[in-house]
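Engineer: These are the residues of each chain, in order.
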Amino acid sequence: MRTGVIGLILPPTFSFLEMMWRICPALAVGCTVVALVPPASPTPLLLAQLSGELGPFPGVLNVISGPASLVPILASQPGIQKVAFCGALEEGRALRRSLAGECAELGLALGTESLLLLTDTADIDSAVEGVVDAAWSDRGPGGLRLLIQESVWDEAMRRLQERMGRLRSGRGLDGAVDMGARGAAACDLVQRFVCEAQSQGAQVFQAGDVPSERPFCPPTLVSNLPPASPCAQVEVPWPVVVASPFRTAKEALLVANGTPRGGSASVWSERLGQALELGYGLQVGTVWINAHGLRDPSVPTGGCKESGCSWHGGPDGLYEYLRPSGTPAQLSCLSKNLNYDTFGLAVPSTLPAGPEIGPSPAPPYGLFVGGRFQAPGARSSRPIRDSSGNLHGYVAEGGAKDIRGAVEAAHQAFPGWAGQSPGARAALLWALAAALERRKSTLASRLERQGAELKAAEAEVELSARRLRAWGARVQAQGHTLQVAGLRGPVLRLREPLGVLAVVCPDEWPLLAFVSLLAPALAYGNTVVMVPSAACPLLALEVCQDMATVFPAGLANVVTGDRDHLTRCLALHQDVQAMWYFGSAQGSQFVEWASAGNLKPVWASRGCPRAWDQEAEGAGPELGLRAARTKALWLPMGD
Amino acid sequence: MSAYNRGTELDLSWISKIQVNHPAVLRRAEQIQARRTVKKEWQAAWLLKAVTFIDLTTLSGDDTSSNIQRLCYKAKYPIREDLLKALNMHDKGITTAAVCVYPARVCDAVKALKAAGCNIPVASVATGFPAGQTHLKTRLEEIRLAVEDGATEIDVVINRSLVLTGQWEALYDEIRQFRKACGEAHLKTILATGELGSLTNVYKASMIAMMAGSDFIKTSTGKETVNATFPVAIVMLRAIRDFFWKTGNKIGFKPAGGIRSAKDSLAWLSLVKEELGDEWLKPELFRIGASTLLSDIERQIYHHVTGRYAAYHDLPMS
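Chains as they are written, first to last, in full-length UniProt numbering: chain S, 1 to 639; chain G, 1 to 318.
Worth flagging that the hints you see were computed from the coordinates, not collected in a lab.
Careful, some of the hints might be misleading.
Claimed, not checked - Some chain G residues judged to face chain S by a derived CB distance under 7 Å, without partners named:
(1) 16
(2) 20
(3) 22
(4) 23
(5) 24
(6) 28
(7) 37
(8) 40
(9) 114
(10) 198
(11) 274
(12) 292
The C-beta atom is built at its ideal place from N, Cα and C for all residues, glycine as well.
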């Protein structure tokens, strides 16, 4: 079902084609668009003229030409259902913070830098042409980080410098230029970058036939820039290329993945195995093998990490503008007086409830972290009451240190789990389903104590086991090939795990919701840190007893405690790759605000209840979409 | 014509690690045609320059002294006199670079050029042109006879079977023998790239040919199914540049076959300028092997001067 009104915010560096790529899918699925474009460039005026020509449907595409200060005003308009922002990192972050809790969803596409990895088995001349395509032409959006294998460093640098000498820059309408200009602001940015780099000891080489007037900046090659220098932390501006060496392919992956940017990359190697290994290992949204900058509307283009997680093109681009049918439009849960600094900071202490009568319950559960039950750092527990007010059991009071330990355990388990084949993952999920069924009577009796009827409780347990099996089976279907016009060779749309996924379960459906969220996350190769239902975490902890035997250590970690406090710790954690929150409206707002830290994708319920027993909401395709991220792998062929 | 490439020792490490990525080279080839366009008086200047690079060629079974004579006169006066006068270029000595014929017709060509009072070199094809599948002894003898008859440039074909089976030393030795048989004449080595199978083989064959002492490397005989295309040319030009970086020797480049329109010839000039630079845009280092190209260039110049399109009969036949 289509989303509604989209507010689109475009940066000044976008070409007409790129604007169209974001507007047309939105219009195609039936949304209407309000585009805010910067006033300095003439291209948006063409856009406005086109939208004026949409005769029978006025108002389908609206164009406002205005300064960046209008961005928050547009974003907080009540009628807008989704805001899609393309532009610089800091502005995206600020927008994410200001839009927390508003009724509009936010999609971010940030950053323009890309990466080129040149191994010693590459065709170096062609890779140099790839560098020209990426950074020293009008096709590339931004600067380039160039990683060159040490053994071919001299060759590559010599050819790069020779090639730079032949580049021509000038006005776009001159038929014989390679690159134009992008405005005085961009030119200033380059000057500052170059000066800083030189002051930090880098070597700067500039060449090319470039007019010396103001907005034209020459192609620039920077080498010997130490990685620890502040210059190397920011994004590389256009048209600068920062070159660094690496020794082996494995080191290349570490260096390449060692930045917060995750947009696009190309791998140049004539050895198929090595090229594919590098392609699969890079944490970016698009990988080209022996090419750079190829684009097609049917291939999804987007990023991960700090490049934002919104997509355009391909099926993912369409999903940006759709939402599952039957879900209501987002409600605004904005509470103006939510204090982000104090939310969930202190844990309210609970006094013991009076003398306890009756047999003592089982010893308190610990936290399930790293494959076994551990005592919490705070060494305290909280009581859990059943539906008639009696004491049901004690669970651990988890805190910030426990969250930290859980996330570390999840990270340790992640490479092994992500490397498993879909079949192996499915087998483990099926094993857990079988274990759940063996434990049916215990789980059903606990659910009864929480107020469910016996029949309903048993049905819930059965449904949970069924869902585990279903997700195991669903993940067998893997990346498929896209049809791309004009390219000889396949383009693969891979679905890769996000990393460590933090899940805060809802209060209702303590068993079913827990399992329904656990299953897709694990099935797609993520490791999870879960905060179970605050009302009755005992069901989740029962399942943990089975997970201790069935799953490898650290795969699923369960931390109990004060929900708001744990949510705060998880949301602010920079090494959690995504977060799903099904708690209160205030909590949702906080989670969205805090995600601006590392721009993790969040899925927050905003306080709306969700029918976990319905197939569409409890086990629908939306869960599968959110549990993984896409990567487009281009493989041009020919000899 | 006096200095010639004496070649270097065979060094297989120059070709052992080379890789050429075909789709990337194709993309570069498309870009060059699109990105460097020349218009108006600059286009006319480039076209006249292109004329000075042409090796006017006739390689048919039915060549006789009459059409050779016509060809040689056209080589001396490639563009109609009044058109050159309108461009103020009539006194710059614009002729084609050479005339290219079969060995049996070299005598006729030399005689015709002497009668016309022109000192353009006569190039002869040799060594079993176009297939090269004859014995080495007869191939060498062909070269010697052509040089005796007065050819100052020899276009030889390499033995493709040696490339396809990877016998690089044998290829080097053969071309070395061609070099010796040529003596002081210019050696152009035709790689027949359409039959070499892959771009990597083209690069390797180019390097071996230059190491063995070729003055020019030439893309094709003109008789294959695929002759001179931009991807192949890019690979050969990169080989020429790498040879220059390693030894300091400048080797020439000649595409032949399939170049028929003036627009194509401008794209070829752009390609050489982009990949190698202006120093290679001289008849000593760049030739175009063509026959009908000249009439198309003449028609473009006619259009530039008069503003009208010419019919074929307006311009003298070659």
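Engineer: Kindly indicate which numbered hints from before are broken by the structure, ordering the numbers from low to high.
Structural biologist: Result: hints 1, 8, 9 and 12 break, sorted rising.
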